[in-house]
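Trainee: Produce the complete structure using the sequences and hints provided.
Protein chains in written order, with the working numbering: chain A, 15 to 296; chain B, 3 to 251.
Wrong hints could be hidden among the right ones.
[What the hints assert, rightly or not] Straight-line Cα separation of at most 35 Å, DSBU-like style, residue types lysine-lysine; simulated pairs:
#, chain 1, residue 1, chain 2, residue 2
1, B, LYS238, B, LYS194
2, A, LYS107, B, LYS165
3, B, LYS143, B, LYS153
4, B, LYS153, A, LYS292
5, B, LYS165, A, LYS293
6, B, LYS240, B, LYS165
No lab work stands behind these hints: they were computed from the structure.
Residues per chain, in single letters:
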Amino acid sequence: MSNSKTSQKIAFFFLFLATLLIIVPVGLIIVIIIQKGLPAINWQFLSDIPRQGMRAGGIFPAIIGTIYLVTGAIIFALPIGLLAAIYLSEYSKDNLLTRIIKLAIVNLAGVPSVVYGLFGLALFVVFCKFGASIISGSLTLGIMILPVIITTSREALESVPHSFREVSLSLGASKWQTIRNIVLPNAIPGILTGTILGLGRAAGETAPILFTVAAFYLPRLPHSILDQAMALPYHLYVISTQVPNVDEKIRYGTALVLLALVLIMNLVAIIIRYKFRKKKKW
Amino acid sequence: MVITTKNLNLWYGAFHALKNINSGIEANRITAIIGPSGCGKSTLLRVFNRMNDLIEGVRIDGEVLINDINILDSRTDLVGLRKKVGMVFQRPNPFPLSVYENIVFGPKVHNLANKYELDEIVEHGLRSVLLWDELKDKLKKPALGLSLEQKQRLCIARLIAVKSDILLMDEPCSTLDPQATQRIEELMRELKNNYTIIIVTHNMQQAARVSDEAGFMLLGELIEFGQTQQIFTTPKDKRTEDYITGRYG
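Mentor: In structure tokens, the structure reads:
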């Protein structure tokens, strides 16, 4: 009896310890980056172009570049992902085609991000002749986040109670009217959450933009979507490995801005989800 | 006869759920369908507005005539059918919208009315289910915040708004307390002047109280169909008698 109690206590201790350990890397990353990066953050750093071979000045073009890329990715991925999710959750029957589509989505999610970069290079930069440009980078990132958007949108659509659809159909609404008026409005918070999580991922990835858009050093803002652009993750890579004698402060400052951007997006997603849970009554 | 079924058979995959149902349901009456769980009474109800179509693997043959039109025909206009034949579900299921939006959902989907007419439709719907005085100042409030009884009345008002003439009620009172049940039954008596009502119920007292005609189903067969009074006092079939006197079910 006391023996089983002791072993339970030991098990509990190790389970708790393992869980506690999860906090350590997250906490350390955030603390170290804030500690080392915060001194670099000021208005000039956020709003100026890089100067002296990126050893001074700011990171404004990289921030803007990342925002363009993320926006472009979402313009491309959200409509396609959402329409596909609606098809899969509302219309598709369980047949060979559906299973192939679902398999494709799972595989798309498992592709390493550098492979997306190469794919984007081959398809958008070379074949479509967009060159290394914001549009090539956006499309590449868009394809990368499609599985996230499809999967979360599908979950959101499927979590709308079946009874709502049944009543709507029983009132003589068509399937499409039911989806548009009843299912979609109730799934929007979930879809939004997934979209923002996808955005966060797109903002942070380096490999997909490496060959498709990112400029090593472009101390001005892009002129059009066919222009190259700087981007935060690639800029961080460049100043950390390619350019000698960059002040540590600038590197960590850049990392802090990138981290803040991604964490803010995740936070917004969490807030939306929380508000929705509180409101929902079924 | 508003609804006539002729040799109606229905299978879920290999399961024979409805066996040779022949019945005639008259206008402006309340017809109750009673029987033990799993006897096929809800399935029969769902044939009348083709809601069984939503289930995969359903096969139906025979004829169901509503106003002399066979609704099982593949060319049936389902939108028109479901507008005419409305359904009240076991669990009150208003949409997560306001009271007002719930009632105008049908008319909007069917483009039945302009904005001013919608207000009238809402008032008429709520008056018909005796909710107007309670809710006239709460039209913009979420329908999910209403009591169960109010929700169920609202669901009936939603059907009145699409101008249904036949109301299918699938155990409409099973989640309500006895007082609310009694008031919904009064409402049904009121509504039968303008509507044909078919109610599926587990509750034999309810069937006896509220219906004009009744059918007893067992294992997919319609054992007996006739005047409620006759079914409950002098059933012709031994099985009906056993069920009604509580020997099984």
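Trainee: A separate judgement is required for each hint: does it hold in the structure or not?
Mentor: Evaluation of the provided hints:
{"no.": "1", "hint": "LYS238/B / LYS194/B", "verdict": "27 Å, holds"}
{"no.": "2", "hint": "LYS107/A / LYS165/B", "verdict": "34 Å, holds"}
{"no.": "3", "hint": "LYS143/B / LYS153/B", "verdict": "12 Å, holds"}
{"no.": "4", "hint": "LYS153/B / LYS292/A", "verdict": "21 Å, holds"}
{"no.": "5", "hint": "LYS165/B / LYS293/A", "verdict": "32 Å, holds"}
{"no.": "6", "hint": "LYS240/B / LYS165/B", "verdict": "41 Å, violated"}
Checked against the numbered hints given earlier, the structure breaks only hint 6 and satisfies all the rest.
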